[in-house]
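Residue numbers (our numbering), protein chains in the order written: chain Y, 1 to 633; chain Z, 1 to 165.
Since the hints were derived computationally from the structure, they do not count as laboratory data.
Careful, some of the hints might be misleading.
Chain Y regions said to be covered by chain Z (calculated; three or more residues, Cβ under 8 angstroms) [as the list claims (entries may be wrong)]:
id : stretch
1  : 33 to 42
2  : 59 to 73
3  : 255 to 268
4  : 373 to 384
5  : 468 to 480
Heads up, the beta-carbon is just placed ideally off N, CA and C, and yes, glycines get one too.
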Amino acid sequence: MTLKSIDELKALRARLEKETFRDDVPRIRACCGTACTASGSGKVMDALASEAQRRGAEVDIVRTGCQGLCQKGPVMLMEPQGVFYQKVRPEHAPWLLGYTVLGGVPFRQGLYRDDILSEPKAHVVDIPFYQKQLRVALRNNGKIDPRNIHHYIAVGGYAALEKALSSMSPDAVLDEVDKANLRGRGGAGFPAGKKWRHTKNAGIAGGRAPKFVIANGDEGDPGAFMDRAVMEGDPHSLLEGMLLCAYAIGGRYGLIYVRHEYPLAVKNLGIAIKQAGEMGLLGKNILGRGFDFTVDIREGAGAFVCGESTALIASLEGERGFPRPRPPRLSEPGGGAWGYPSNLNNIESYACVPPIVLNGPDWFRSIGTEGSPGTKVFALTGKVKNTGLVEVPMGITLREIIFDIGGGIMGGRKFKAVQTGGPSGGCIPEAYLDMPVDFDSLTKVGSMMGSGGLVVMDEDTCMVDVAKFFLSFTQSESCGKCPPCRIGTYQMLEILNRITGGKGTAGDLERLEDLAKQVQAASLCGLGQGAPTPVLSTLRYFREEYEEHVHDKFCRAKVCKGLGMFTIDSEECFLCGLCKEACAFDAVKETRRGFYIDQDYCTKCKACYQACPVGAVKVGPAAKKTLVREGKK
Amino acid sequence: MKTEEIEKLDIDKAIGTVSEALSQSQKKRGLLIYAFQQIQKEYNYLPEEALRALSKKLDVPLSDVYGTASFYKHFYFNPRGKNIVCVCVGTACHVRGADNVLAKIEEDFGIKEGETTADMSLTLETVGCVGCCGLAPVVSVNEEVVGEVTPKKVSGIIGKVKAAK
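Please build the complete structure, drawing on both the sequences and the hints.
Rendered as structure tokens:
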């Protein structure tokens, strides 16, 4: 049915609020995001449905978007009991229904535990992962079925649009966003209100031109998936944010650029756009207020650089995804898509807009810090116990995120560094763990917020290898337009390859640093300017590890191949001989008393190290070889 | 989209509602990437005849068509295998040992990343991130994502792909 006026939307919401999530029906909110689907949530859902049917139980099963705790998937929440289940298997279905839904008691085997020895925690409010979170952008993720617009309306969706269209002028909406000081969630933290105003005021010579509202869902950063969660789990909140932006700046066309690695996001967005169109929330004369706005989806084609605004525009236009120098900015005539003034924001930024319009800027400013109000979604990954998506107020410390929400390091190992901001961000050492996180503080310590990836590293991670990894990523994703980025990153990578391969020489670190600074200063776009950051930040905080690689030919994390001196500890060796079998170069020699490694034959391939069942093969700093003149002692 | 269907492509419909604001040449150019994706969905790569037909249909020089397609990693100019195994080498997967997974698969099939087996049964690729970092390391087989890949699970994946030949 099509909604022709604001009153019709209000009436529909009133009806849906009563009907959709009824209190008297038990409900299972099961995660069907990409990660939980990969862990087998599809089969669990089928098992639950058929079990409910067999027992004749009335259960409302909601297939929600990502609930955050991806590591423990498939996860689900039982209501009204508030019991949280993790790692659910299809064979658990009879118990889940029998115990919790019908009996009201938790099913012990499916509950969350901090570790194997501690008591399981039944209720979602007790789980530390969820305790410190505050959900604004992800407010509906895990609550509603993203493929059902009625669910979204029932939880207060499109209420902000309703408020804006019925009682606010476009300028008033813009002022609210401006006052809230919403900073772009894509990484740079540019105030959204300023950007919107600039686009709004951009005229085009010779009459009114259509303006574009573009959502950047080209989330190419390895280790970040917050935009995916919004597009998959709550696509209507993105659409509502874009609608509000279009209303404020006078936008006519909307485009959502999604990367092709996210098929589920494309599918759910497509469904959402179709449903909103049918309801009259997109299209011509929206809710009878004479406001037109339509949205199309564009799929990317696997180029990281297309996350850069000008490159994204080029890609939309069907060109090679090259960035270009600014000005003209996107918001200026001649700068945006096909030359029309365009407003480009990140998915998460748009998702934050409806609550701001609904609750007012003061509410938004009450969360987070002075300079960076609101919340931020982080993708917590790497060697941390509870990986997944977390949304926390700005100003929280890294320690709280990693140790309280994330549950600490896997396997009880020692924390070494956390990498923020994806390939353009830096590594932050333990010393800064208690620093409050916001846009400015991260920049100050040589990293950046980026899109919000947090990759945690423990003592088994080699920082030189990490820097090399990021650089090889940016080097292969460099579009090749400007030489500092194209040639500079290649040369930097060569030096790093040399260092990790055990061929580093004195002066390499200085050369690397010098080169990094030049690439940073001279590159055209954010990709090139950000590419040296991982190298510079690791050089700043973990220089001694680099020096070990260069001078001692030793990698303390034992990650880099071709480094270190391999020896067999005769105290620990129990003479199984597996190392000798594993060695392809006959470097492991056998004597009557035991085994030893002949350094002249050893190629440092690590085969013996991996073969030893008791860890008797040791890797240490290489012995210094010095040439001594004959006859001299 | 098959080569024969390119001729019948409805430009206004395919580009969506923005078509009102664009000139004919802008629309045609803007469709290029969409068309590549549709062609690749059909053939798993971009055959030369299809690109020639596309160049004619959209009035974009063939050199430009090729230039644009070759910029994007997602488009291929050589036929690919029936099964596509894609190892994620993103940051989270890298930290949790994606290299070992890749090496194991490479060893088992005797091909390097980016290559296809001689019998066209499998293509091995790497990807920057599939956004399942919570389950790292991740391998995707065709469209299905397999998480927390251990050496044992790798063998399972390999067995499954070999059986699917």
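Status of each hint after checking the structure:
Judged by the Cβ-Cβ criterion of 8 angstroms, the stretch 33 to 42 of chain Y is covered by chain Z as claimed, because 5 of its residues qualify and three suffice. Judged by the Cβ-Cβ criterion of 8 angstroms, the stretch 59 to 73 of chain Y is covered by chain Z as claimed, because 4 of its residues qualify and three suffice. Remark: the stretch 255 to 268 of chain Y is confirmed as covered by chain Z, as 5 of its residues place a Cβ nearer than 8 angstroms to a Cβ of that chain, reaching the required three. Here the stretch 373 to 384 of chain Y counts 4 residues with a CB under 8 angstroms from a CB of chain Z, which clears the bar of 3, and the coverage holds.
Residues of the stretch 468 to 480 of chain Y lying with their CB closer than 8 angstroms to a CB of chain Z number 5, which satisfies the three-residue condition for coverage.
Checked against the numbered hints above, the structure breaks none of them.
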